[in-house]
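Residue numbers (this note's numbering), protein chains in the order written: chain A, 1 to 102; chain B, 103 to 617; chain C, 618 to 1101; chain D, 1102 to 1734.
FYI, nobody ran anything at the bench for these hints, they're computed from the structure. Backbone N, C-alpha and C define an ideal beta-carbon position, used for all residues, glycine too. There may be inaccurate statements among the hints.
[As the list claims (entries may be wrong)] Facing chain D, according to a computed beta carbon distance under 8 Å, are these residues of chain C, among others:
id, residue
1, Lys-783
2, Ala-827
3, Val-851
4, Trp-852
5, Met-913
This is what each chain is made of:
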Amino acid sequence: MLEVTPGWYMTLAAALFVLGLTGVLVRRNALVMFMSVELMLNAVNLTFVAAGRAAGVLDGQVAVFFVLVVAAAEVVVGLAIIVAIFRRRETASVDELAALRG
Amino acid sequence: MLTLLVLTPLLGAVVISLVPARRRELQLPLGIALSAAPLGVAGAVFVSFEKGEGSFQMVEKMVWWEPWGISWHLGVDGISLGLVALTTLLFPLSLAASDAITHRRKAFVMAMLVLETGLIGTFLALDLVLFFVFFEVILVPMYLIIGIWGGERRVYAAVKFFIYTAVGSALLLAAIIALAVMHASQSVEGALSFDYLALLDLEISSTAQMWLFGAFALAFAIKVPLFPFHTWLPDAHVEAPTAGSVLLAGVLLKLGTYGLLRFNLTLFPEATVSLVPVLAVLAVVGIIYGAVVAIVQPDLKKLVAYSSVSHLGFVVLGIFALTSAGLQGAVIQNVNHGLTTGALFLLVGMLYDRRHTKKIADFGGLASRVPMMAGFFLFMAFASIGLPGLNGFVGEFLVLVGSFPSLPAYAVVAAFGVVLAAIYMLWAYQRVFTGPLTGMANRKLVDLSPKETAILSPLAALVLLLGLYPGILLDRTAPSVEAILDRIEQTTDYQVPSPGRLEDVFASGSGDGEG
Amino acid sequence: MSPGAFPDVAWAGLAPELVMVLGAVVLLLLDVQVKPGVKVLWRSASAIMVIALALGIWQWIVTEPGGELAFGGMLILDPAAAFARLVVLVVSILAISAGRSLFVQLGNRAAEGLALVLLASAGFVLMAASQNLVMMFLGLEMGSISLYILAGITGDGVRSDEAALKYLLLGAVASAVFIYGVALVFAGTGSLGLVAIGGFLAQYLVLSPAVLLIGIGLITVGLCFKVAAAPFHVWAPDVYQGAPAGIVGYMAAVAKVGGFAALARVLLSGFGTFRADWALVVAAIAALSMMVGAVMAIISTDIRRLLAYSGVAHAGFILTGLASGAPGSPSVWFYLAVYTVQLVAAFSVISAVGGAASSGSALSDYRGLYRRSPFLAIALSVSLLGMAGLPLTTGFVAKLGVFLQAWQHGLQWLVVVAVLASAMAIYLYLRVIVTMYMHSPTTDDPVGSDRPTFWALGFATAVTVVLGVFPQPLLKLVESAIYL
Amino acid sequence: MIELPTEALWLVIAFPLGGALLLHFAGRWLGEPLAGYLASAASLAALAVAAVAAVPFFTGEGHPSQSLLWEWMPAVGASFEISWDPLSALMTLVVTGVGSLIHIYSVGYMHGDPRFARFFTYLNLFTASMLTLVLAGNYAMLFVGWELVGLCSYLLISFWFTRPSAASAGKKAFVVNRIGDFGFLIALMLIFSTFGTLSYTGVFDRAAQELSGWAPTIIGLMLAAGAVGKSAQIPLYVWLPDAMEGPTPVSALIHAATMVTAGVYVIARSAPIFELAPVASGVVAAVGAITALWAATIAIGQSDIKRVLAYSTISQLGYMFLAVGATAYVAGVFHLMTHAFFKALLFLAAGSVIHAMGGRQDMEEMGGLRKAMPVTFVTMGVGVVAIAGIPPLAGFWSKDEILSVVFNQGGWYTALWLIGLITALLTAFYMFRQFVMVFLGKPRWPEGVTPHESPRSMTVPLVILAILSVAGGLVNTPFRLGLEHFLEPSFEGVRLGHPPEGVGLVLVLAALAVGAGVVGAAMAFFAYHRPPEAWRRFQSGFGKLWGWWENAYGVDDAYGAMLVTPGRRLSEQTAFGVDMKVVDGAVNGVAWLVQATGRLIRPAQSGLVRQYGLWFGLGLVALLIWILVRGVA
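Bound-form chain A, shown alone (with noise of 0.2 Å):
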């Protein structure tokens, strides 16, 4: 059979964390971008577990914590701004959004 070695979850994080850097590049939706960033950050927790993991140790698995906190906190903070310019503008795409520039 098959085993499952933590270099698969790793590579797998390595893709999310793509996919969501993608994302962020690709999507207009201010809304969609974030989401894309939690993608990326899921990845990094992947990554932190399946390393723990092979190291024997827990720090990984901590740190999985911490990094879900400060993603909560950031996408608070994100929808709060979000929410400002919506109303202000009625339009969350990010392309409308280039007043300061050069």
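Based on these hints, arrange chains B, C and D on the given structure of chain A.
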């Protein structure tokens, strides 16, 4: 004593800053008085200077930051002595000639005094970082003087001046750092040092010498300015107020030639010897080019500015002649040019104050209306042309005769600059001062006031004194110059040419002179 | 340590941060319960900062050269951390002094703003003191999230919202990249503590360094984003331009301190043995930052964007020191200390001229500033000349130090690039000075500055000049702020 | 008899110099005529000192000596040192003697000029400068005098500077001289790099052993270049005719008697170098001969009284060049001296005429002045006869000696001799032409002009100079070589050119020279002692040639078209084309390049978050690739 000399003007600036702004009438006279103080100190330095001594005198050294090997290290030798004296002399005179500055006068006087500290400091610094600090700091007051009190295109000129020089000195800083690091790797303790005297003992590979020489030379070439780095100069001169022009031409440009002489020749002797042709070509091109361009300048100030390019070419040629006469000529020509060109700028300024124009075409036949002014102008013009008996000749002659044995072809071409000098100066004089008096405005001109005469007279007296008895300076510079040449001879296989059959001169010289 | 026992916490060592965090909480509670005036809140926040600074100085004095681990190895209290704390606190105090009018304008949100400043400062100090990479991430986020909110705190401007969103979005991506790098390093070495990582790397030959190298790369990129080094700097001009004037200087300064402290700690104490590998990368980023920053700043017409791009160039200069390895860290700290003070001073002037809550500051608004307010013009000029690295300002000493280090450690080419970039940079600072002194103003209205701004600017100006001439005290101070 | 030590000779320079200084500062206060008297006294005092100091040479007991005044530029062996030998003594005497007379003359001539005192300041300064030149003990100090006389020449030519032509002529003189000085400077450089010194003794004592091959030739040619400028020889003579813009005493003193002979003096002084350089000597001789003929033909066509004399001076200087080029140094110096007498006389007499004619200089407006100005008439007559080379007047002796020495050189010098002979004929022709046009015939004065004899202060110098012109030649006749003997110490060790040995040949040569003079004089007399219409017919008989002479062969225009205009255009193109556009353009181009780079990458800063993300991502990927490639490799 030297610390005192450097700091006196700065103290003066502090004193001026304490004068209430509403006491406007006090600012200028006080500034003149305060700038006379360093002149006094410089006089004392000059008098107590030991004549036969080639090394640094009155050395003062205080450690500034040990780990980096930086110290407040001052000293004077025959090469800096004359320039320091010139600096301290020109400041009171140019301040006295600044009546026309009415706008923000206090700031002007302060800027001038700060500038003086910077200039004196640059000439006396024996620590490369200290030198660099002064070298750069000078830019600020000069920049303000041009940019605030200058003519119509003052901002453009000021920024060009600042940027051009700053860019030039950027690589200088890198090269200075390289030297200090080199010291760390060569000294027993592995300590960094920016001390000039310590850096003299470095053993620098030929390649490194080339690079470092290049970095130093670029900074100084821009300051001199050597062709083709000269275009900031006419702009700066045209826009600068009289005092600014006087000091720019009189002293600031000398930082370049001083730097070449002080640092390039001694720190990188090998590179010096092998790069002589490059510098000599630039110098000679500058001599001819500056003169050719000066001939048709429609603006009197620009004409004098281009004449500086030509004159300083002689200085550089003298430096890279690497002969005793050439170097002495360079040193004394530094001072001479400061006196004569300073005086010419003062005169143009006085003319400008009266007529508010510097265009040659606006004048004509002034000599019959303002004979004293015309007389001084002609005197200084002839000094600048290199009339024997006046100071300009001493420098040019020493340079030409001194550079012939080592650089015959260059010396011959340079000598032609003497012809061109007569053309542009006398033609300008002819158009401005002789012929029938033209124009209503010119008819109302007033001749020099006693004060203006008093400003110009010391310069005229020095022009004559140095022309007839340059020994007053040469006696003091000769040992220092010999020391530099000795150093070059010891560290390279260069031999200062000694008199001999012309066939040998041409065989060993780098060119094949005329005929 | 038996289970259940309270971990060994170096309370004293963390006293300044505790004061700041608790102070933030107290401020918020006070605001809810007592509803004091803005002035009272501002004074309280200032008092908290000053107390924290006093404690910070005390901690600096008692810190041992080697430092000590605290919070079970999460943090390291060494001179570098202590110095970072001093810089952050001084900058914070200057910023809230000069930014008083912003908090006044925030009205009932002033407490939030002040609390966020306290939290952000605490966060970046923790980041600088982190020995554990996850802890570093937490400090980073604590500081960054506070800054995201501060960027949009006025809530009444299109541009400030945009700035906040851009900062947040890109910052979140950068954070993700950073923490992914941490995860990869963890995967490669099996530990999160930098000391342990360093030990591991010194001890074992890493057979497949790819994962580790990518990890290091990602961490570096994440932190380079925070310090706005090219090519990860694109957010900075927009954010600096859009965020409220009263707080931009602070945002820029503390993020740089935290970011560089973390970068230095990661690269020097964690991956010091890998210097041969990362030095060139860092040097390349440094060179690119210096050139791009200088060139872009030259064509900027908004003074904030100009300062942002110049900040990119400065990041390059600091990275130059960092690339020199551990011996370069004192020069990095000197640079950071003097640059952040200049930066805060410059933005304080912008805030005074354009209004504390304003977004965007066209260069043309500074025409003839000298006539409208000589004090502000001089203060800005001194800061700018300091940034330009003109001799007799701290900027020169800082640059000299960095260049010396780089030259000594084999990065001669980088020094050449750096001196050329700094020569170019002079032009852009000169442009501002020319505008202030040599152009006539469009309006003759005098510009005022309140008393705290006056003192803050006075202090910054004095520091820039006095330490520029006699930098020995500060040089001595940073000598021990070295990463081993 | 008082023995004056060489150490005291600085007084010779100091008197006129002191006079100049005094007049410079107090001239206006002293006023007319005191300033003039003072200046004359200064000049006379110098003459007195020089005369006393020269006594030992006359008695044959004197030896050349040097006295150091002070070190000037030790690095190039330049000092202020006075060298006192027969040659400098002779020059000093000529300068102070003729100079004093011209000073006195000027008191009358410059009467009423608003800048009376200033004129004498310059005159005194000139005397001091010229004395510096001739008394110098080394080439550097000689160059001081050399240039200072140029300065004075400049100042005095453009003395009436409100006239544009005067201002322009002064500048032209200085600039053209500078071109010659360029050569002179090179000569000094060559000398210094060979000998390590510039002092005469140092150079001449070692000349034979240090100079070899082409070295002496090139030094000689370069010295000659300087001399060509100062002594107005082809191709640099063009400044001298224009120099006539100056007051006439100036023309007499500077542009006839003294300054312009400095070139001859320098070559004579450098005889030990030319001794080693026969080619250089030959060039000098050829230049001199051609100039003599060239200028003489031009002189024929001039109608301005002073221009005739100016071209005559150029021509006579050509004789002197011919002499020194033929190593007849003594003859050259001899002609220098006699020429100083009679040419100063001619100029002063012309000045007297101009004075009488109310400033008019056109000879066509003169005529018949014989009766109105008897003294001037007689004295000028003496001068004309002297210059025409008619015995026993001064000009005959010197010119004859030159021609016979040149003839004796043989070879191609014979051709030069022939040129000299033709020139002698032409000289007599144009001088008599002038004399006839001015003094004889019927008056052609314009209305309102009533010529009168000049005041005593002007006529007395005329008379004295006339006497000198008559008797001056007697110092060196084939019967008694007084001057040659006198100058012997100065030319010790130098082979001097000599006239042929045989008495018969000498007499034939002399007869030919005299014959040429007489023929020329007679031709002039017959052609011009007639009504103006007749001369015009005579002149038109020459066809185009006359036009060329009148127009001085158009050399000025040619120089203008070939040198001045292109030079100016070059300068303009350099200044406004190269300098502004290329050199400064490059500087501004660098600045533009930086900005252009900025504008090029500015679009990256689009303000679009996703694009920012893209840059971030690209940077990240690039970095990772680099790390991996490096790490794995």
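Does the CB of Val-851 of chain C sit less than 8 Å away from some CB of chain D?
holds, 4 Å
Double-check Trp-852 of chain C for me: the hint is only fine if its C-beta lies closer than 8 Å to a C-beta in chain D.
With a closest approach of 6 Å, the Trp-852 of chain C hint holds.
Status of the Met-913 of chain C interface restraint (C-beta, 8 Å, chain D)
Since the shortest Cβ distance to chain D is 6 Å, the answer is holds.
Proposed interface contact between Ala-827 of chain C and chain D, which counts if any beta carbon pair is under 8 Å:
holds, 6 Å
Given Lys-783 of chain C was flagged as interface, is its beta-carbon under 8 Å from a beta-carbon of chain D?
holds, 5 Å
Of the numbered hints stated above, none is contradicted by the structure.
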